[in-house]
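Visitor: Please take these sequences and the hints and turn them into a complete structure.
Just so we're aligned, residue 1 is where the sequence shown starts under my numbering, counting upward by one.
Just so you know, these hints were derived from the structure itself, not from any lab. These figures come from a predicted structure and were not determined experimentally. Misleading hints may appear alongside valid ones.
Unchecked claim - Think about it this way: if two alpha-carbon atoms lie no more than 16 Å apart in a straight line, the pair counts; the simulated EDC-like pairs of lysine to aspartate or glutamate are:
hint : residue 1 : residue 2
1    : Lys462    : Asp732
2    : Lys279    : Asp228
3    : Lys243    : Asp228
4    : Lys386    : Asp369
5    : Lys264    : Asp228
6    : Lys278    : Asp371
Said to hold, decoys possible - For each label pair, taking beta carbons as the anchor points, the in silico distance ranges come out as:
hint : residue 1 : residue 2 : range
7    : Arg368    : Asn277    : 21 to 27 Å
8    : Leu157    : Lys460    : 43 to 49 Å
9    : Lys462    : Ser606    : 41 to 47 Å
10   : Asp645    : Leu721    : 39 to 45 Å
The C-beta atom is built at its ideal place from N, Cα and C for all residues, glycine as well.
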Amino acid sequence: MYPEQARNPHSVPIKNIHELYYLTTQQKEVKMNPQEKVKRPLCICVATCNRADYSKLAPIMFGIKLHPELFDLKVVVLGSHLIDDYGNTFRMIQQDDFDIGSKLHTIVRGEDEAAMVESVGLALVKLPDVLQRLAPDILLVHGDRFDALALATAAALMNIRILHLEGGEVSGTIDDSIRHAITKLAHYHAVCTRSAERHLISMCEDHSRILLAGCPSYDTLLTAHKRDDYADIIKSWLGDGVKEQDYIVALQHPVTTNIQHSIKIYELMLDALISFNKKTLILYPNIDAGSKEMVRVMRRKGIEKHPNFCAVKHVPFNQFIQLVAHAGCMIGNSSCGVREAGAFGTPVINLGTRQTGRETGENVLHVRDADTHNKIFHALELQFGKRYPCSKIYGDGNAVQRILKFLQTINLNEPLQKRFCFPPVKECISQDIDHILETQSALAVDLGGTNLRVAIISMKGKIVKRYVQLNPKTFEERIELILTMCKQAMADAVHLNCRILGVGVSTGGRVNPQEGVVLHSTKLINEWSSVDIRTPLSSALHLPVWVDNDGNCAALAERKFGHGNGVENFVTVITGTGIGGGIIQHNELIHGSAFCAAELGHIVVSLDGPECTCGSHGCIEAYASGHALQKEAKRLHDEDQLLVDGMTLNKEQVDARHLIDAAHFGNSKAESILHTAGTALGLGIVNILHMVNPSLVILSGILAKHYENPVRQVIRQRSLLSVQETQVMVSDLEDPALLGAASMVLDYTTRRTY
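Guide: Right, dumping it as structure tokens:
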């Protein structure tokens, strides 16, 4: 039985799908009790501005109409409902047998920003007389349209209680501002999702006046798409021979905050649809600024006369949902795509930013931006003809019953003045407007033997953006490249909403951090001794600059962001190309009298060991560094003793990684070398435990995880009983050198101790 043929128990013809739904659910409803103190029915004024909001309001209107003992319904029609170019959609309200109390012509034509403002002004001029005459107890306002803002403004100023439907949602355009403005004017709220409810609470709305109802249109959507005559509806709009799931529904509106971009996306969508070569029902855009230009694009491309397109101004709601439910795909930026289409599992392509932030089901594929129509065409290839599970994010089919019961609970004797529930405010730690508006960040520079790296790092240790270049060989080229990369990062920081507080530099070798001078560099970085880094960087960038050894920076990174946070005494050991580290004692970094403290890689563990890069013999670095392991790997390879079954080199340069792989595949000589390296490192750490007695040792660097167990074993076997339980951990920081360089900036500039 179809809605047009159904009859109610009193044999009165039913004209609308919403009405059928409410009659068929009457048996399930709990009988509603009228307010004892209210002798007369509650006067509810429902104001509808366009075809979209009517689809949400109509189910509620039918619910109100079916309870005349409780409610007196008044209907006000305004906005694009009364414009011929948009289908004169007020007629469908009349066809649904509602008495329209007032028709207000409030649209100033022009379809640009000024026309929207003038339309709001015209509505505000006309609404007071209507609202004064109808004298409603409650005004129902839906959504986020500029017409709805005029309604809410007029009602609030005239002391009429407002129930706002579908507040608290986020879409990403000017609609958000309008929607939230209506929220602040409204006295009561009926929201669709739990997330929207939380947003309203965070906006200081009274929780007791918020109803989590679901979307009213879902009450009918969840049953209406099961009609048996959908094939006839498809045929009537798209012609003979068009089958279910073999056509597209397209509906795109302007984005008023970026009209030109939305027109560009619209044009690309039409190009993609033409190329895709499927029958398409395309609806004209709404009346927002930019719609005229979009219609011109349609006509320029011949869409209205194209054999694959059926361009229409309006489709009755009960037929439109059939077309969406059985489409092969829906495309555009209408809220119907990200909301209602999910109830059917219809695949959707959401274009542009108009619905950014909306909660969506898995049926929605987003194309935020496109330079050519190819990206949209590819999205059509991915989505067309698919079916997804039905989504009930926006409702379970019982929204109107909840809203009607909620209306009955409204006490007209309560004070009209809204109460806002403000959360407690913490004491402000800074009055700096930049601190409030921007993310406090540091520029971190890591000068490695191979690469020069720069990063923007936030106060919480997040690497916002990273830059990497090969480290030049000469001093002049190196300084020039650092400045170039830092200036690029500072320019990018503006767009990333980061405020750069200073520059931190991490480098190998011995560093005087007080003067910002590299005293003696490692052999991996040539021409980098007795170099003042601070002065040229600070002068060129106009920022304070801090410089320290990379091992010390790793310890600072752990103190601020890693395992060392909150630990008073700990040691960080870096196991990379070289061996280095840093010592934190009583929460302070130890530099030593000649800035040579924590040269942990040069602790001697054997009198007759291999030669180290420092010129001595038997240092930890000569056994356990990546450079030492690479040297041993090359030696084995030259002697044809490196490769074993399962290993390949693929003509790569032999390095420490290949030695580790060989040991993993059972190469006894590689295993012996790694065992010796781990033992040497463990012995060095035992010496550290006996000298400074830290409560924690943090292994950092690319080799750390390979040395963790050997180090623990050596500590248990070789150290004094009093330090055998010292905790050994592997760092989980993403990039200790960069994070440590940043921590120097962030700690000092935010008045923490360094």
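Visitor: Which earlier hints turn out false for this structure, listed by number in ascending order?
Guide: When the structure is compared with the hints, numbers 2, 4, 5, 6 turn out to be violated.
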